[in-house]
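Given chain D's structure and the hints, the job is docking chain Z with the ligands onto it.
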Amino acid sequence: MPSFVIAEKCDGCKGQDKTACMYACPNDLMFLDKERMKAVNLDPSQCWECLCCVKACPQQAMDLRGYADFVPLGASCVPLRGSDSIMWTVKFRNGMTKRFKFPIRTTEEGSAVPDGGFVEENTDINSLNLFSEPSSLKLPAVWTYKK
Amino acid sequence: MPMNFETVEVTTDLLIIGGGMGACGAAVEAAYWGKKHGLKVTLVDKASMPRSGAVGMGLSAINLYVGLAEGRNTVQDYVRYVKGDMMGIARDDLVANIARHVDSSVHMFEKWGLPLWKDEEGNYVHEGKWQLMISGESYKVIVAEAAKNALGEENIYERVFITEPLLKDGKCVGAVGFSVRENKFYVFKAKATLCAMGGTVGVFKPKSTGEGAGRSWYPPFSTGSSAYFTMKAGAEMSSQEVRFVPIRFKDAYGPVGAWFLLFKSRATNAMGENYMETRADELKKFGVYGSIKPIPANLRNHLGLLDVQEGKGPLFMRTEEAIANLAKAYEGDEKAFKKKMKSLENEAWEDFLDMTIAQALLWAATNVQPEERSSEIAAAEPYFISSHSGSSGAWISGPEDLSAGSDYFWGYANMTTVPGLFAAGDASGNCPHKFSSGTHAEGRIAGKSACKYILENNTLLEVEPSVVEEMKAITYKPLEIYEQYSGFSTDPQVNPNYILPKQFMFRLQKLMDEYVGGANVYFCMNSASLERAAELFEFLKEDSEKLAAKDIYELLRVWENKHRMWQAESHLRAVTFRDETRWPGYYIRTDKPVIDEENWHCFVNMKWDPQTKEWSVFKRPVIDMFDVKF
Ligand SMILES: Cc1cc2nc3c(=O)[nH]c(=O)nc-3n(C[C@H](O)[C@H](O)[C@H](O)COP(=O)(O)OP(=O)(O)OC[C@H]3O[C@@H](n4cnc5c(N)ncnc54)[C@H](O)[C@@H]3O)c2cc1C
Ligand code: SF4
Ligand code: SF4
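Read top to bottom, the protein sequences are chains D and Z. Residue numbering for the first sequence follows full-length UniProt numbering, starting at 1 and increasing by one per position. Residue numbering for the second sequence follows full-length UniProt numbering, starting at 1 and increasing by one per position.
Just chain D, with the same shape it has in the complex:
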């Protein structure tokens, strides 16, 4: 199944209201089986393999097994997402391994200021400017068509 939960590693996020994987999935596929305290992917055939759940799991209890109808077995693509970068370990079917590290953000988590520092005084809802413009355009004014 596309994303799957390793039974041994999942602790059901210790029975919290919403588990990390349930919170993350954009398709509402992750479900906590309260009796076993284990998460499951409810419908692998609607899974996009976006790995949002895998990246979010605090126990690294989730992984990806490629779509059974076209992906041969034996490979893996495992992310480890930190606060400013993500590490990928890609294992090939033939045993070869490659590692990649990419930046994910340049600022502290949570710190995004809505206007991005492009502060405008005297804004007017009837002008052509959106709230951070024109400075956020790095231009003196918003373009308009002159016939």
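To be clear, the hints were calculated from the coordinates, so they are not data collected in a lab. Ideal placement from N, C-alpha and C gives every residue a C-beta, glycine not left out. Among the clues, some could well be false.
[Claimed, not checked] Quick list of in silico lysine to aspartate or glutamate cross-link-like pairs, EDC-like style, CA-CA up to 16 Å:
(1) Z/K232 / Z/D169
(2) Z/K35 / D/E120
(3) D/K98 / Z/E121
[Stated by the list, open to error] Per the computed footprint, the stretches of chain D lying under chain Z, defined by three or more beta-carbons under 8 Å from a beta-carbon of chain Z, are:
(4) 14-28
(5) 61-71
(6) 85-94
(7) 111-122
[Claimed, not checked] Estimated spans, in silico, between C-beta atoms of each pair:
(8) Z/D281 / D/Q60: 41 to 51 Å
(9) D/K147 / Z/S291: 24 to 34 Å
(10) Z/E9 / D/K14: 47 to 57 Å
What follows is chain Z with the ligands alone, placed relative to chain D:
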């Protein structure tokens, strides 16, 4: 009713529906004007904002950056590009409005923390004329964070699926929906409503089956809610015939943009021939659009598909050739060459790991190293996404300074023909190629415009309580049907009294695939197949009343499919109405195989009337506003 569902009422000024790129743009913008003018802004998303929508996985490029400050391109250049790619059918005013604001959103993304690639001089790395390279694993996380910081958590409702618009006196006055986690029915009352629920996937049978059915290129959780919501409100729709069929890396649908633009790769057929060269003559059939540069995406598809139909497939992306060409300049200097090869390898893998992890896994599972061998490419199934290379969506007003005095202006930018209802991103039609960044900018345009509308039309209209009660009953009816009948058979999956959402989806997909030009028939259709489709569609619509759900999770799937069905029906009506073939490569009307500029250089618009419950389909003019010539 099988369970007890509490009704929760939320009264607000502006309601933003969706939490994707468009909605996040609308949120940062409307929060500002709302604060300034004392308006309350509320957002509702069926998922959770950091990962919801089409950018949830991440992206490796920002596909629209005009670069006005750099002096790279002009707004008119962009209008020319978009209109050309759409075979002449686009709204100049809407495309220009996005183009003039999009750089602002991109500069804000950078400040918020999105890593944009920079060259040695500190300039953005351009993928092609309009695209910037990014390390975008957390693109959506960052954009959603700014939106949340602007709105405040208390004004955001996550995991609430919006089912229907609330209507009063011909206006949109809010929306209803249900929590997918709790037994709660939500009624949002608003003075203006902004629809940004993304595009539609799953109308056509996917090429992958079984477990792989979720591997669509666009996400399977784009389920037509924007189209449904605007249509049910009675909004005029446009370009519902314009679907997008992407050519992607075969099976896992890895994007091709970086390979064509950044790596300058070629695509060839199995014989090593470049179909763009061997089939160049075919382009002459499509008038001026066959001769413009870049060649429209659908025409490029068309030439490749002709090769495949002639048995010259599979098609290949020549990755090894492209990488070899790029590294050639470093030959002779072993160290520099190795370094270049390493960085190209990194870039190739990052492209997929950032936005289509399934493709990276497929490479690893089939022992493919892109610098060593080619990968197959193929056409996917059709999708409806007006932020990309599709165009379907609501017919919206242009901005006053560009559109006033024309048929394209009725007071507020991005307002649909229903007062109080605004649309952006995949929800608004005829301004394609806005992608993630342009959608964000468009959300901002719509968010500001909706605030202006509220200030000038400051009344809260409410529907009668009985109407809300009826909507609640309709929302949960599938649970009731299941409870009533499921005991009749020993296997609740097979029951003559109802249809479960998954099977309903398969039926819709089979119908659309076989009669309305899906992948299995090489995107071909004709009037006879469309007539047959219309006939079968009536049965499907009747049976949609018998959709059943055993729990709230399945109820979500029921409603997604009810929404999909409307996107499908409007598409069927539009392709039937447009009596020509304008976008081969996306679809071919085999009974009308050529382009007909004289009669069809126009928009196909349509409307479902909430009073009479009847459809009308008609033409609207394409206006040349900025003297853009081909
Ligand atoms: C694989 C892939 C590659 C792409 N590559 C690029 C690229 O390189 N560069 C680029 O710029 N763009 C790219 N795009 C395009 C970009 O993702 C879209 O243009 C953009 O996300 C559209 O924004 P939107 O707001 O219209 O929809 P989305 O971002 O999809 O948002 C839709 C929102 O609506 C919510 N929703 C849906 N239904 C309901 C409902 N009934 N009730 C409540 N909420 C609902 C969803 O949860 C989501 O929050 C790519 C997309 C994909 C999938
Ligand atoms: S996030 Fe991980 S540990 Fe928590 S419930 Fe999901 S799989 Fe289990
Ligand atoms: S991979 Fe994505 S779609 Fe699949 S379960 Fe995880 S979060 Fe959901």
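Right, here's what the structure says about each hint:
{"no.": "1", "hint": "Z/K232 / Z/D169", "verdict": "holds, 14 Å"}
{"no.": "2", "hint": "Z/K35 / D/E120", "verdict": "holds, 15 Å"}
{"no.": "3", "hint": "D/K98 / Z/E121", "verdict": "violated, 30 Å"}
{"no.": "4", "hint": "14-28", "verdict": "holds (count 7)"}
{"no.": "5", "hint": "61-71", "verdict": "holds (count 7)"}
{"no.": "6", "hint": "85-94", "verdict": "holds (count 7)"}
{"no.": "7", "hint": "111-122", "verdict": "holds (count 8)"}
{"no.": "8", "hint": "Z/D281 / D/Q60: 41 to 51 Å", "verdict": "violated, 56 Å"}
{"no.": "9", "hint": "D/K147 / Z/S291: 24 to 34 Å", "verdict": "holds, 28 Å"}
{"no.": "10", "hint": "Z/E9 / D/K14: 47 to 57 Å", "verdict": "violated, 34 Å"}
Comparing the model with each numbered hint stated earlier shows that hints 3, 8 and 10 do not hold.
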